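Participant: Once you have looked at the hints, place chain B on chain A.
Just so you know, the sequences run in chain order A and B. Letter by letter, the first sequence follows residues 9 to 236 of the numbering used here. Letter by letter, the second sequence follows residues 79 to 393 of the numbering used here.
Accuracy of the hints is not assured; some may be wrong.
Lysine-lysine pairs mimicking DSSO-like chemistry, simulated, CA-CA at most 27 Å apart [as the list claims (entries may be wrong)]:
1. 78(A) - 264(B)
2. 79(A) - 27(A)
3. 79(A) - 229(B)
4. 45(A) - 101(B)
5. 249(B) - 165(A)
6. 39(A) - 101(B)
7. 27(A) - 229(B)
8. 228(B) - 165(A)
9. 221(B) - 229(A)
10. 77(A) - 367(B)
11. 249(B) - 129(B)
12. 165(A) - 219(B)
13. 229(B) - 202(A)
In case anyone wonders, no lab produced these hints; they're calculated from the structure. These figures come from a predicted structure and were not determined experimentally.
The chain contents come next:
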Amino acid sequence: MLKNILNLGDAALYCDFGKEVNKETNAKVIKYFKNIKEKKIEGITNITPSYNKLIVSFDLNFINFNEIKKKIENLEIKEFSKNEGRLINIPICCDDKLALDIKRLEKKLNIRKDQIYEKFFSKEYYCYMTGFIAGHPFLGDTDVTLRAKRLETPRVKIPRGSVGITEQFCNIYSFESPGGWNIIGNTPLNIFDKSNELEPNLINPGDTVKFNQITIEEYKKQNDNVSF
Amino acid sequence: MTMSHFKVIRSGINTTFQDLGRKNLYHFGIPFSGAMDNRNYLLSNAIAGNKENAPVIEFAFQGPLLKFKGERINFNITGNVNFNIIKKKNIIEGNCYQSYTLEDEDELDILSTNSSVYGYLAISGEFDIQFQWDSCSTNTKAKIGANDGKKIDKDQQVNILNSHSLNSSRKLEYLNSKIENIRVIKGTNFNYFSEEGKKIFFENEFTVTKLSDRMGMRLEGDKIENVVDTNIKSEGLIKGVIQVPADGNPIIMLSDHGTIGGYPKIGIVISADYDKLVQLPPGSKIKFKEIELLEAEMLFKLYQMETQNLILKIQ
Chain A
9 MLKNILNLGD AALYCDFGKE VNKETNAKVI KYFKNIKEKK IEGITNITPS YNKLIVSFDL
69 NFINFNEIKK KIENLEIKEF SKNEGRLINI PICCDDKLAL DIKRLEKKLN IRKDQIYEKF
129 FSKEYYCYMT GFIAGHPFLG DTDVTLRAKR LETPRVKIPR GSVGITEQFC NIYSFESPGG
189 WNIIGNTPLN IFDKSNELEP NLINPGDTVK FNQITIEEYK KQNDNVSF
Chain B
79 MTMSHFKVIR SGINTTFQDL GRKNLYHFGI PFSGAMDNRN YLLSNAIAGN KENAPVIEFA
139 FQGPLLKFKG ERINFNITGN VNFNIIKKKN IIEGNCYQSY TLEDEDELDI LSTNSSVYGY
199 LAISGEFDIQ FQWDSCSTNT KAKIGANDGK KIDKDQQVNI LNSHSLNSSR KLEYLNSKIE
259 NIRVIKGTNF NYFSEEGKKI FFENEFTVTK LSDRMGMRLE GDKIENVVDT NIKSEGLIKG
319 VIQVPADGNP IIMLSDHGTI GGYPKIGIVI SADYDKLVQL PPGSKIKFKE IELLEAEMLF
379 KLYQMETQNL ILKIQ
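Looking at chain A on its own, in the form it has when it is part of the complex:
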């Protein structure tokens, strides 16, 4: 449940749902997100769900922390249908040219490349949240044998479409960005479409992602931006 509401500065609420990261807690965060969004409270400028927190920012010209806190505490939280999340298939090419950190991971995790991929592709992943950069999903949970820390020194540029893993999570870089996750492949799919203003993101919180491995030939066919 919602454990605590604090102020984050003078123009945001910090709703704490606990310390753990799991589907159950995250489902509650998403439920609150949807309920608050539906209520269209005047003055709210953003609602940001994450693993186990929900941040509600607002415009101080319209409302303040105590007023909005009361509104959220008194909100009737209704259930949304459970089957709302979609299953999305994402093709990934794991050619060595695209799997930038696979050799490093073999050493870090002390398991062979083919085993890493076997374990990675055998699971479905739940989308906890999207953000950091536009369209970027945080997915989980990976097999316990695949959990590695971030790179010691983050990369300045990670190519668009890169799929990375760290701790219990995996992600997809929706466009070129700095980052520190261990890159194991690349998808030719465009997962952020700025021309679609209602649904710009292919993957949304609550969705399930299934990755399928594709060959370099298939990858090139689906991606016009390949330069090798």
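Facilitator: Relative to chain A, chain B alone:
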């Protein structure tokens, strides 16, 4: 008849279209963006006689050199900016917060911001640009907003749709004041830091580094030691949040910040001080001062009243 336009002879350093920014998109990962210094943005539109949220051109450190083609147009510059208007025979040194008229072939040379970062150019008219999610604000990282999400570049043309050039010159007497202390409210991870670290945060000076842009401001100073965990489970961010990563140097989230982050939050800059914070150029010294929520809310009301009074004083 060709459309009135500016020919960009020099682009300046970080020249983009901005307005009040985008709302309710953080959950997609799309930042707020919008003009960094909100008061100077509002003043530029008010002097130009535009609606409150009209697009303007924002520049940092050095502005563009523009050649005007068309009948005539009024413009004004806000911030603390040196600029010249170059007419056929003479050069006029411009004053901020005052409207001027450009005629065909006149040039506007925005030379530099004066011990500050951002300045604004508003015209008495409408730029011909595209909007995304009801805002023109350019976010160059996600390539969202006007000008295909890119900075305004040398040799490009900026078209003007309608102009409503006012006959009389409008002006405002206003001086941007400097700020000595940035006031903050304690963050949700304040207790992650050692007693010594907390003391350093509120008592020592920090220096604004060159690694600062529309996304964030990086500071350097005595290391703020973390005694709990240098990472938290990634969670939402807002502008003004001060994160401290493992190296112990604070980073303040600014208007184009990533929507989610995993570093502990030591504090949050109050809304009333945000405009003055973003105007601090690299090399500036910052000291943080702790205040409570109620005081921050009062200071914001005061800040808003001051802005409204300035708008009323435009003549």
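Participant: Now, for every hint given, state plainly whether the structure supports it.
Facilitator: Now the hints, each set against the structure:
Between residue 78(A) and residue 264(B) the alpha-carbon distance is near 22 Å, which keeps this suggested pair within the 27 Å criterion. Among the hinted pairs, residue 79(A) with residue 27(A) is consistent with the structure: their alpha-carbon atoms are about 24 Å apart, no more than 27 Å. Between residue 79(A) and residue 229(B) the CA atoms are separated by roughly 41 Å; this puts the pair beyond 27 Å, and the hint is violated. Distance check on the hinted pair: residue 45(A) and residue 101(B) sit about 12 Å apart at the alpha-carbon level, within 27 Å; holds.
Restraint check for residue 249(B) and residue 165(A): not satisfied, since their Cα atoms lie roughly 46 Å apart, outside the 27 Å limit. Of the pairs offered as hints, the one joining residue 39(A) and residue 101(B) holds, with about 20 Å between alpha carbons and a cut-off of 27 Å not exceeded. With a C-alpha separation of about 41 Å, the suggested pair residue 27(A) and residue 229(B) falls outside the 27 Å cut-off, and the hint is violated. The hinted pair formed by residue 228(B) and residue 165(A) meets the criterion: a straight-line CA distance of about 18 Å does not exceed 27 Å.
Between residue 221(B) and residue 229(A) the CA atoms are separated by roughly 25 Å; this keeps the pair inside 27 Å, and the hint holds. Proximity of residue 77(A) to residue 367(B) is assessed by CA-CA distance (about 26 Å); at most 27 Å being required, the pair is judged to hold. Among the hinted pairs, residue 249(B) with residue 129(B) is consistent with the structure: their alpha-carbon atoms are about 17 Å apart, no more than 27 Å. Straight-line distance between C-alpha atoms of residue 165(A) and residue 219(B) comes to about 12 Å, which keeps the hinted pair within the 27 Å bound.
Of the pairs offered as hints, the one joining residue 229(B) and residue 202(A) holds, with about 17 Å between alpha carbons and a cut-off of 27 Å not exceeded.
Hint check: violations occur at hints 3, 5, 7; the rest are consistent with the structure.
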